[in-house]
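Chemist: When you get a sec, could you build the whole thing from the sequences and use the hints?
Position 362, counted from 1, in the sequence shown is what UniProt numbering calls 362; the numbers after and before it change by one each time, with no gaps.
Hints in this document: simulated from the structure, not taken from any laboratory.
Remember, it's a predicted structure, so these values are computed and weren't measured experimentally.
It is possible that some hints are incorrect.
Restraint ranges, calculated between C-beta atoms of paired labels, are given here [as the list claims (entries may be wrong)]: (1) 165 with 234: 35 to 41 Å; (2) 499 with 36: 54 to 60 Å; (3) 242 with 274: 16 to 22 Å; (4) 288 with 234: 41 to 47 Å.
Quick reminder that beta carbons are idealized off the backbone N, C-alpha and C, glycines included.
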Amino acid sequence: MEVATPATASAAPLPLIAADLVTATVTATCDCLDANEAWRQLFGMDGLWARLPAKDARFAANYITEAARGQMVSQQVFLVEPLPGADLPTPVLLNFHPVRLPGTSVGRYPVLISGEILREPVSWAQEQTRRRRMEVVGQMTMGVAHDFNNLLTTVLGHAELLRNELGDLPSSALDSLRSLTRAAKDGAALVKKIQAYLRHEKRERFETVDLASLVGEVVTLTRPYWYNEPRRQGIAIELDADLAPVPPIQGYSTELREVLVNLVLNAVQAMPAGGSISLTTIRDPHRNAAVVEVGDSGVGMPPRVLRRIFEPLYTTKGSNGTGMGLAVAQGIMQEHGGRIEVESTPGNGSVFRLVLPFAPEAPIPDRPAPKVRMATQPPMPTTSLRLLIVDDEPMVRTITSRLLSLRGHAIEAVHGGIAALEALASGAYDCVVTDLSMPEMSGRELAAHVRERHPALPVVLLTGDTDPDADSDHIAAVVRKPFEASNLDDVVRRVVEAHAASL
Numbered sequence: 001m002e003v004a005t006p007a008t009a010s011a012a013p014l015p016l017i018a019a020d021l022v023t024a025t026v027t028a029t030c031d032c033l034d035a036n037e038a039w040r041q042l043f044g045m046d047g048l049w050a051r052l053p054a055k056d057a058r059f060a061a062n063y064i065t066e067a068a069r070g071q072m073v074s075q076q077v078f079l080v081e082p083l084p085g086a087d088l089p090t091p092v093l094l095n096f097h098p099v100r101l102p103g104t105s106v107g108r109y110p111v112l113i114s115g116e117i118l119r120e121p122v123s124w125a126q127e128q129t130r131r132r133r134m135e136v137v138g139q140m141t142m143g144v145a146h147d148f149n150n151l152l153t154t155v156l157g158h159a160e161l162l163r164n165e166l167g168d169l170p171s172s173a174l175d176s177l178r179s180l181t182r183a184a185k186d187g188a189a190l191v192k193k194i195q196a197y198l199r200h201e202k203r204e205r206f207e208t209v210d211l212a213s214l215v216g217e218v219v220t221l222t223r224p225y226w227y228n229e230p231r232r233q234g235i236a237i238e239l240d241a242d243l244a245p246v247p248p249i250q251g252y253s254t255e256l257r258e259v260l261v262n263l264v265l266n267a268v269q270a271m272p273a274g275g276s277i278s279l280t281t282i283r284d285p286h287r288n289a290a291v292v293e294v295g296d297s298g299v300g301m302p303p304r305v306l307r308r309i310f311e312p313l314y315t316t317k318g319s320n321g322t323g324m325g326l327a328v329a330q331g332i333m334q335e336h337g338g339r340i341e342v343e344s345t346p347g348n349g350s351v352f353r354l355v356l357p358f359a360p361e362a363p364i365p366d367r368p369a370p371k372v373r374m375a376t377q378p379p380m381p382t383t384s385l386r387l388l389i390v391d392d393e394p395m396v397r398t399i400t401s402r403l404l405s406l407r408g409h410a411i412e413a414v415h416g417g418i419a420a421l422e423a424l425a426s427g428a429y430d431c432v433v434t435d436l437s438m439p440e441m442s443g444r445e446l447a448a449h450v451r452e453r454h455p456a457l458p459v460v461l462l463t464g465d466t467d468p469d470a471d472s473d474h475i476a477a478v479v480r481k482p483f484e485a486s487n488l489d490d491v492v493r494r495v496v497e498a499h500a501a502s503l
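Modeler: Right under this line is the structure:
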C-alpha cells in the first residue's frame, strides 16, 4: 500500500469521526451484533460492508469466515467510500478476532472486528493503480502456474516412463529418479500453494511428518549442490547425517523440506573453500520437541549480521541473494508452532536449529522409516479400455497417451474439443479424458456436449487449477495435474465401472 505524504496528499480533510478506533461484533454469517459509534459513522447502518467496494466486501466476508473457524486475521487495510463532505475514501486497518464462546462449534464463533482509521490519507488514484497492477500480476501468475503444472506433468510422466521402460536400474540411477520425482511433486505442491494464496483458499490440514525421513530426502535432493558441483570445481565438502529416530511432528512436509534445503544451500555457500556440513535429528524431552540441527564449518557470521539475518530483503550475497530465504523459513517455522535458533562465530561456522513440537501423543519410532524403492514394473490391470485423450498441449497429450497405453489401454489422442467431437462421431470409446483449459472449447464445454450426444460416456477432467469440483451432470471425476499414471488409471477404471453399473 502506498501512503501519501503530507506533500502529496490531497488538501481535502478526512471526515470527522468520533474516534479513531472502530469496533464491531458480528456473527459467522456477517450479521452485526454490536458496533461502536465510530464504526456506525464510518460504515453506516445499511449493511455491514455497504460502503466497501464489492471486491473488498467479499474479502471482508472471507476474513469473517476464517475468524469464525478460529483463525485470527490481522492488519487488513480497506478503503471506505467517501463520506459526505470528503473527497477521498477513508483508509481503515482492521483485525478479525474469533470469540471462542463455550458451547459454540468451530465455524460458528462470533467475530470481533477491531481497528483504527488511518489518519494519513491514502491516494485513491495510487491505490487503484496498485490494485489493478496486483490483479494483473495475479492473473499472470495463475496462467504461469497452469503452464508450470503442464511442464511438471511432462517431467513426472517421463520419470515414470524411464522406470518402466529401462528395466532394472543401478541404485544410483533409481536415487536420481526418486529425487527427480520428489522435486517435481514439491514443485506441484508449491504451485498449488501459490494458487490457493491468490484465490484466498483455506489451507489444508497439517500432516504427520517423520523428520528423520524428511532430512534423509533433503540429503539426496541437495547432493548435486554439496557434492557434485563442488567436486567439479576442485572443492571438497563432506556431509554427515546423524538421523536418530524422533517422534513425528505435525506440519507441511513440502514447506519443512523447503526450509531444510535452504539451510543446506546456505551452508554450502558459507564454505567457498570447502568444509563439512552436519545434519542431526534430536529428541528434546525438556521442550517436548523434535530438533533438526544444520551445522557448517564455514565463515560464520559477526553479531551485526546475525541480528539481521531474518529480516526480509536483508542479504550478504549481493545480487546473488534475494534476502527472503531465512525470512520465509522463519515464517514457516512460526506457522508450525516452532522456531529457528542460530549460533555463529566468525571463522567457526554456524549452527541452525529447527525446533518443532511433537505431534499429540506421538510414539517414538524404533528406527528411521525405511526408504521406499521405486518399482520398475508396476502390476498392470488386465482390462483394456478404449480412451479418447483431449489436450491442446502436445507434450502433455503425448505423455498422457503413453502412460495410459502402458497401462494396457487403446488410445486415440486429439488436440481439442472440436476434434474430439469428430472422433466421437466416428468411433466408440469407453471414456473421454480431457484437459480443462483449452482455447477453442474448454473441458467443461466438451463434457456438456458429450453428455448431450453420448449420455452413457463418462468424462474425466484433468486440471492444474485449484477448483477441481466435478459437475455431477457432465463430469465423472477430476484429476489434478501433475498426476501419476497409476492414479489416473485407477480413476478412469473406477469411473467406467461405475457408469457401466448404472446403465
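Chemist: Each hint: holds or not?
Modeler: Checked hints:
1. 165 with 234: 35 to 41 Å: holds (37 Å)
2. 499 with 36: 54 to 60 Å: Taking Cβ atoms as reference, residue 499 and residue 36 lie about 59 Å apart, which means the hint holds.
3. 242 with 274: 16 to 22 Å: holds (21 Å)
4. 288 with 234: 41 to 47 Å: Once the Cβ atoms are compared, 46 Å apart, the range 41 to 47 Å for residue 234 and residue 288 holds.
In summary, the structure agrees with every hint in the numbered list given earlier.
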